[in-house]
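Now for the letters of each chain:
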Amino acid sequence: MYKFLIFLFLFQLSVFAEVKNSVVLITCTTQSWRFDQPWKKTGLRSGNGTGFVIAGNRILTNAHVVSDSRYIEVKRLGDDKKYIAKVTKIAHDCDLAILDIVDSPDFFETMVPLEFGDLPDINSTVTTYGFPLGGTQLSVTRGIVSRIQQSNYSHSGADSHLVIQTDAAINPGNSGGPVLQNEKVVGVAFQGLTKADNIGYLIPTVVIKHFINDILDGEVHGFGEIGINYRYDLQNPMVRKLLEVPGDSSGILITRTFPNMPSYKLLKAGDVLLEIGNYAIRNDGYILLDGREVQFAEVVERLQIGEKLNLKIWRDKKIVDIKIPIVQWDMIIPHSKPYDITPSYYIHGGMCFSPLSLGYLMTLGGWKKAPLSVRQLYLEVFGDIKYSKHKEFPVFCNLLPHEVNQGAENFQGLVVEKVNGSEIKSMQELKNAIEGSLKEYIHIKFLGQDIPLVLLKKATVTNNEKILKKYHITEGERL
Amino acid sequence: MKLIQIFIFLFSCAITLSADNFKEQQKNSILRLTVTFQTASHYYPWRHNAPSSRSGQGLVIGKNRILTLATLVYQARLVEARLNAEPSPIVLKIIYTDLDRNIAVLEGDLPSEAQIIDIPQTSGFKASQKIQYFWKTDTGRFLEGSATFDQAESYRLSPSFQSQIWYSCSNPTTGGGYGEPVYYDKKLVGIAVYGDESRISILQNETIHKSLNILKDKKNLTSMMGFVTSPCTQKYLRMENNLKPTDGGCYVNKTFGQGCGSKTIKKGDILLKIGDHKLDAWGRYNHPRYENINFTHLIGNYTFGEKIIATLMREGKLQTVELDPGIIDDSKWLIPRNRIGKQSKYFITGGFIFQKLSIPYLKAWGSSWESKAPENILTILGENRFKLRSEEKQDIVVLSHILAHPINRAIQYIGRQVITSVNGNPLKGLKELHEIFARNDEKLTLTLSPGDVPVIISPKALNQTNDKIQEMYHIPNLENL
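Residue numbers (the working numbering), protein chains in the order written: chain A, 1 to 479; chain B, 1 to 481.
These aren't lab readings, by the way, just hints derived from the structure by calculation.
Where hints are given, some of them may not hold.
Restricting the straight-line Cα-Cα distance to at most 30 Å, the calculated cross-link-like pairs of lysine-lysine (DSS-like) are [said to hold, decoys possible]: (1) B:387 to A:369; (2) A:386 to B:372; (3) A:268 to B:266; (4) B:263 to A:418; (5) A:317 to B:460; (6) B:244 to A:457; (7) A:418 to B:363; (8) B:443 to A:265; (9) B:460 to A:318; (10) A:368 to B:443; (11) A:425 to B:267; (12) A:418 to A:469; (13) B:372 to A:369; (14) A:318 to B:443; (15) B:266 to A:439; (16) B:372 to A:195; (17) B:267 to A:458; (18) A:312 to B:443; (19) A:369 to B:363; (20) B:244 to A:439; (21) B:244 to A:418; (22) A:241 to B:460; (23) A:469 to B:235.
Same shape as in the complex, but just chain B:
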């Protein structure tokens, strides 16, 4: 009996020691990051908003190398880190930001006790399992939380077009989502990306490795969806396309001008298979570990040079097509979606603020911008949202607002309007408009949308007031083209 008691005592000591070692290792692998960031004002495009700060966690993944979330460090002016309670923080340098996969890599002189953490290639685990996550507070306290893994989901986070698999976990013991490393059975399974008091989402190891591979070599860039699907659950739409209820298949309702499949897939196609994965009517396939999961992340498993075989129903006929991997380049959109860290392109003359229409500009109307931004601009957005820039149309120019000055008296309230043409000629873009103003003509007619509303002005007269307006409104630069 005594022997059994001694054995149980030793066994429990071993477990405790093992747990302590595990935690100790985490303690020296996690850094508390404090990021001072500054966003550009897209409504006053010459301005930056006041600096602000956010904090989160970083993971030591190499000698003096730290992994964290791109969303934590984007637009950073200064990144500081503490491994433990060092009196002075370590200043880190961002060497890599991948907003599509939400990964960033930083470098800095880390203390000698910093321990490198190995990121396993895969991170699979099953629903209902308990996960652990760790983080450090501003004062260097090391804390632990836990949550329950519910399900894996596949989706993309705006503005990225790269779908990923995310682990959704419920009942976290404390809020997470700022880069905390997450463990199951003492194995790293991913990092927490966002969350609240009821849920946290975890970016899986596979995505981290995809991103780190791109850092090693850009050839490892993975493919992004060049089309959008919606559920194909209409009984008669399916019948008309010769689809049985058991056939599955989701409806392609939009194709972009870029990205994987954008040239091959057609609006109205019903996508039945990607590779060997059969899709259901909601676009889900049977994942070996996570069961029904949306297919969109599969596209991100392909790199350039590979072919993606897709099976689809087109006009009632079964077809197999080869899709070339492709990426979404934000700079190719007529209306850019993402100007993170960049100021809007603009120029000001006579108080008239002309700038490129972009999603960040519309976000000046707040998180509900899609209902609160001016309807006329939303109409233009709706018509051009996924169109690519072309020789004829480089970008969409907005007369954002007018800085009041005697030269623009009585017309200074015109604003939030899109300029469609100048002197009756369709406007190509901001640069062309800038060139037109630089000609210093006596008279010019801008046409605003909707309704072809004219604004009659004198570039020469407006240009002459620029110095005064710059001084009046303390504008450092009247243009950023």
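Just chain A, same shape as in the assembly:
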């Protein structure tokens, strides 16, 4: 027993020594655009995170460590030099990013790339390496893997992937740090729960590998979807009987498909999804994948965009085999938090319009604070066929008060529905409809409003430049 403990101690020391040459401290200065005044940028902010070297002379870290970056420095342990880095690939949906060192090609010579392992077992021990709470010395904490399941990734706020839950403390600064088991990376520390003690989350290697494979062609495509809503109605014997599902078959009931997604044509509400990628789906939506119980969506998660997936469907008392492509859900109004985005805008007569986005809604304090018509649009737009031709929804995001726009203040925060009776489906259409109008008056109809905003075209056109100058705005549009 005594000899075993000495062996364990020496083993840990050797792992630590190796990780020391793999882990880096990242300091990032960030700046983003304001979505309520899209011609302006926010103030500068700075923060620390952790990264580690992987094969191919790359540094892997969390996307949230380097989002909206303006300047990045990387520091190795035992080296007083700070190296300038840049983001080469960033995927906000899975909170991962790849950095490269800009000015020192020999940076990686003494660094040891870490290898990836598989999903750890529940109740096994993992070790987290990082620089929590701004420290410059490497911190090492050990924890137990308590759960592996699909969960929300808070960086984007809209994506859900597999996560490993551990009781190792994950604090700010730990983000992007490697989590090792048996000398191999089994996860990247990325988020914790503030309302609970010692609950930290790691990005498992299945997600990391998906990201690394995704960028092999030099571009980030992200995770794909098939675009369905579903319920577990087959757990109900009455529904099972009514659907006349064959024998011992199990599955989930598809309740909704979405326009602009392949599911809209290939699947329909009322179909029972029996199998996905040749995995039988249980009535509770779980499948057995690599010996683990995981949600059926994990099969989609493991595929890259463009790949096809076999589905077995029970429809009209027949089994139907369908091949469905995995696509990126390109939402007209994305529900994920905006990063590294330069919002477009158009100012006319002192009224600034920009595409309705979560970024804009966050400036109001969240989508729930928006006017009812905007809230409803935000929630339902992706499911409503009548909006499938829309590219953007221009929102009247700011007003530069002037004589020519008197009365416009009552419409601020609303989405443009029509200009002079023509439906507006993009920012460019808005600009064209206003500037191309041959009428003396421009009628802007806002969603949910009965009274239109009426502008005198001659007055707004004459005063456009003056208004911009008055409010120190150099560019009247960015489309």
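With chain A fixed as given, assemble chain B onto it according to the hints.
Relative to the frame of chain A, chain B by itself:
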């Protein structure tokens, strides 16, 4: 000198005596009302909430007849009154409730000392004048308060569509607003309707008489607005409609399917005059006593058979139109606004609670229901709020929630959804859905909004569980249609 002193003494005695007589008369004209009321639960439509009580004042307006606020006595189970400190309260019966004008009339055997108060036909007084109001406590103490009249305002109190003139008074010496009679210069000017520590609002005598006239004869029913206006302050909207800044006029942004002007007035009209009253851009006119006041209460001055002449600008052209008086009948709305004292219409089968969508149902989400109620239902509300019932669409049916039972296992969390169709056919209303379930079919597909989400169920199987579910959840009636 002595003579002057004697005169001053006698004069002040006379004033005191006169004031004492005035107060004494009030004392015997005001009753303390204690109302035990019970509201219907609109989320659990078979239930009533626990009884509660509220109190306020009543005014003796005739032999054994008392005037008070409708909002004080609505949903009452028992109304008790004390004129003074009688050991046993007098039980009163509600004979008339007019929620549109917030007036109720009650009857009961009043003590012989009860004195009838005369309500003057008008109640005009001027800003900055001091008013007095009186009330009685639970123990029969007679108290007095005062406030300063600031301004008259014209608006309607939800769920009524009848706009009234209200007197807004500031700096009350004590909280009021529960039916206290209000006096200026010892003349009754109205009754206090609501208030807090900083303001009270007074319903004027004219409104009380309008309501009492309706009690006498329903032909005296007054008109209600069938359209909504908003300020027309946009410079270029006015220019485009050939309106000069001095022309005034407010913008009609919505018309209802019922009410005065709903058939004649059009969305987009700019209303310039009602009768001889010229309206400004905010819809106010120059009232002879209260200056700028919103025109909406004027509509309530007209009864059936009369014509209201309105001048408006329509598509840049000046027009004069005749508006017929009309009322707003809540039962005609596709989504009723007011189910005061009534339970929601519903039926339950297999634990599925189906009920009519109404504003009181949405109020189950609290006073901020317009932001807290489910967004999908608010969307339906937004699309149908002022639509009238029709042959094709009798009402909007909500699958409110599902009472858990083995028959609905794994689907019992579905709820707060509007049902748009059954087996692919548009649903007319709750009664039709009830009839469909009564057919006891083997299979049925309900479609929920938004997204046309299907729910596949067996009416036959669900119906068979009704006795058990009724017993499990202690539901007295599985339906109220």
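Hint by hint, here is what the structure shows:
1. B:387 to A:369: 27 Å, holds
2. A:386 to B:372: The given pair, whose Cα atoms are some 26 Å apart, holds under the 30 Å limit.
3. A:268 to B:266: 42 Å, violated
4. B:263 to A:418: Status holds; Cα separation ~27 Å.
5. A:317 to B:460: 21 Å, holds
6. B:244 to A:457: 19 Å, holds
7. A:418 to B:363: 33 Å, violated
8. B:443 to A:265: Holds: residue 443 (chain B) and residue 265 (chain A) sit about 26 Å apart, inside 30 Å.
9. B:460 to A:318: 25 Å, holds
10. A:368 to B:443: Violated. Residue 368 (chain A) to residue 443 (chain B) sits at ~39 Å, over the 30 Å cutoff.
11. A:425 to B:267: With a Cα-Cα distance of about 25 Å, the restraint between residue 425 (chain A) and residue 267 (chain B) holds, given a limit of 30 Å.
12. A:418 to A:469: OK: residue 418 (chain A) and residue 469 (chain A) at ~28 Å, within 30 Å.
13. B:372 to A:369: Holds, at roughly 11 Å.
14. A:318 to B:443: Status holds; Cα separation ~18 Å.
15. B:266 to A:439: Holds, because 24 Å separates the two Cα atoms, which is no more than 30 Å.
16. B:372 to A:195: 24 Å, holds
17. B:267 to A:458: This hinted pair holds, its Cα atoms lying about 27 Å apart.
18. A:312 to B:443: Given that 30 Å is the threshold and the Cα spacing comes to 24 Å, the pair holds.
19. A:369 to B:363: Judged against 30 Å, a Cα distance of about 19 Å means the pair holds.
20. B:244 to A:439: Given pair residue 244 (chain B), residue 439 (chain A) holds - Cα atoms ~21 Å apart, limit 30 Å.
21. B:244 to A:418: Between residue 244 (chain B) and residue 418 (chain A) the Cα gap is close to 27 Å, so the pair holds against 30 Å.
22. A:241 to B:460: The given pair, whose Cα atoms are some 13 Å apart, holds under the 30 Å limit.
23. A:469 to B:235: 23 Å, holds
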